[in-house]
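Based on the provided sequences and hints, a complete structural model is requested.
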Amino acid sequence: MATLTQPDIALTPAAAARVATIAAKQSKPAILRLSVEGGGCSGFQYKFGMAEAVEGDDSVVETDGVRLVVDSISLDLVRGAQVDFVDNLGGAHFAVTNPNAASGCGCGTSFSV
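Numbering-wise, UniProt numbering puts 42 at position 42 of the sequence shown, and it's gapless, one number per residue.
Not one of these hints is a red herring.
Here are the simulated SDA-like cross-link-like pairs (lysine to any residue), alpha carbons at most 20 angstroms apart as the crow flies:
| # | residue 1 | residue 2 |
| --- | --- | --- |
| 1 | K28 | A17 |
| 2 | K28 | M50 |
| 3 | K28 | V54 |
| 4 | K47 | I22 |
Because the hints were derived from the structure by calculation, they are not lab data.
So this is what it looks like as structure tokens:
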């Protein structure tokens, strides 16, 4: 497990608060897993899920007591990104601002490098 710094990836306070709420409702640890998978309309897609624990190859960043974990392969594709929680007229969702993405789709869940 590696501890990430802010330039590696960031979890905003809004995202941390949402993860804490979800974790409390599910009686799970406040750990959000971000991974990148092949697919989506632009080539890669973000996948979010609550994690039970930190895995051996995970990198971790913490905000307000909430941990964001990213596996080593996905980290190369999201390094420098910010994970936020957005609640607006378009809906409520986790959003990734990724400086490595050359293009993205309209829904914001897939990207290309």
